[in-house]
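So the chains spell out like this:
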Amino acid sequence: MPRLSAWFIRASLIYLLMGFTLGALLLANNGVEFMPSAWALLPAHVEFTLVGWIVQLALGTAYWILPRHTNGPARGSLALGWASFGLFNLGILLAASSGLLPGTFQLAGRILQMLAAGLLAVLFWPRVKAYGL
Amino acid sequence: MPILTRLWIKTALVYFVLALLLGILLAGQCAGLIHLPVQSLFPSYIHFLAVGWISQLIIGVVFWMFPKYTQANPRRSEGLGWVTYITLNLGLLLRLVGEPLHATTNAAWAGWLMAASALLLLIAGTAFVINTWGRVKEK
Ligand code: HEM
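Read top to bottom, the protein sequences are chains A and B.
Take 1 as the starting number for the first sequence in our numbering and just add one per residue.
Take 1 as the starting number for the second sequence in our numbering and just add one per residue.
Be a bit skeptical, because a hint or two may be false.
[Unchecked claim] Short derived list, chain A residues pointing at chain B, Cβ under 7 Å: (1) 3; (2) 6; (3) 9; (4) 10; (5) 13; (6) 16; (7) 17; (8) 20; (9) 24; (10) 27; (11) 28; (12) 30.
[To be verified] Residues of chain A placed beyond 10 Å of chain B at every Cβ, according to the derived structure: (13) 43; (14) 62; (15) 68.
In case anyone wonders, no lab produced these hints; they're calculated from the structure.
Keep in mind that this is a model prediction, so the values were computed, not measured.
Backbone N, C-alpha and C define an ideal beta-carbon position, used for all residues, glycine too.
Model the full structure from these sequences, guided by the hints.
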């Protein structure tokens, strides 16, 4: 797989671990209370598992297996690809700060995620094509 | 496809249907047609979809399709795969019973069922990541 996919997928596995750890803390604490402030972790749990793990794994895999270009760089601009990776992951960390940092941080996180999504849409769009093109 | 992958994907399909069944119960209660205390099934509804269905489907396909670990050992450890399969599904099922029992009885042992479920799910995630990490290879 290309290096960028490996980074997306490795990041998604790290988010899986972080998201499951937060989820396990929340669940255990709901059953046997040992950490009254655990509820503050819920937004980060949701962001890490849903966006960090599931969505990011799909992005890394799509970048890897969608049909490649026949001319020029096989998967489009590398610079755009890496920019999307950076923006997306910074976006996840900021968006997960709900309850810990002021709301402008989460807003910034969502904006970064949307920019990353836009870049990825630009990269993926021409690779979604019929056979022989 | 390897036996573990077949099990993961088929079990994921079962969770997909079960999740939607829980969804029907929850919606039925909201509509006033079902008079059972089913609200405590809401977290299982979400997690049957997110963990039982989507994550389990991903895990099965990753185990099958990701780059080979080595020629001799393409899927790394079958043992870790079984640990993932068993702990993930046991964890989800314990949660399905633990949460409603804890909500309705407030019994300490029901709380411990939830804690056990949390540990099992965490083991599942960790075992999957350990087995997969070395198969994420640049070429
Ligand atoms: C793919 C993985 C997962 C996803 C996408 C996910 C998603 C979610 C979402 C969306 C919620 C919010 C539900 C709400 O607002 O009421 C939630 C809550 C929660 N999750 Fe997860 N989750 C995942 C895995 C886990 C795991 C592995 C655990 C435990 C080990 C866990 C434990 C919890 C707990 C305890 C809550 C709070 C439930 C409550 O309201 O009582 N989650 N999760």
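Here is how each hint holds up against the structure:
A cut of 7 Å between beta carbons decides the hint on residue 3 of chain A: the least distance to chain B is about 5 Å, and the hint holds. With a cut of 7 Å, the hint placing residue 6 of chain A at the interface with chain B holds, because the nearest CB-to-CB distance is about 5 Å. Taking 7 Å as the C-beta cut-off, the interface hint given for residue 9 of chain A holds, the closest approach to chain B being about 5 Å. Against a cut-off of 7 Å between C-beta atoms, the interface hint on residue 10 of chain A holds, since the closest Cβ of chain B lies about 6 Å away.
At its closest, the beta carbon of residue 13 of chain A sits 5 Å from a beta carbon of chain B; the interface hint therefore holds under the 7 Å criterion. Given the 7 Å rule on beta carbons, the hint for residue 16 of chain A holds: about 6 Å separates it from the nearest Cβ of chain B. The criterion of a C-beta within 7 Å of any C-beta in chain B is met by residue 17 of chain A, whose closest approach is roughly 6 Å, and the hint holds. The beta carbon of residue 20 of chain A comes within 4 Å of a beta carbon in chain B, closer than 7 Å, and the hint placing it at the interface holds.
Taken as an interface hint, residue 24 of chain A checks out: its beta carbon lies about 4 Å from the nearest beta carbon of chain B, inside 7 Å. Interface restraint check for residue 27 of chain A: the shortest CB-CB distance to chain B comes to about 4 Å, inside 7 Å, so the restraint holds. Satisfaction of the interface hint for residue 28 of chain A is found here, the shortest Cβ-Cβ separation to chain B being roughly 4 Å, below the 7 Å cut-off. Against a cut-off of 7 Å between C-beta atoms, the interface hint on residue 30 of chain A holds, since the closest Cβ of chain B lies about 6 Å away.
In this structure residue 43 of chain A is separated from chain B by more than 10 Å, as the shortest Cβ-Cβ distance comes to about 14 Å. No beta-carbon of chain B is positioned within 10 Å of the beta-carbon of residue 62 of chain A; the least distance is around 13 Å. Annotated as non-interface, residue 68 of chain A keeps its C-beta farther than 10 Å from every C-beta of chain B; the closest such distance is 13 Å.
Checked against the numbered hints given earlier, the structure satisfies every one of them.
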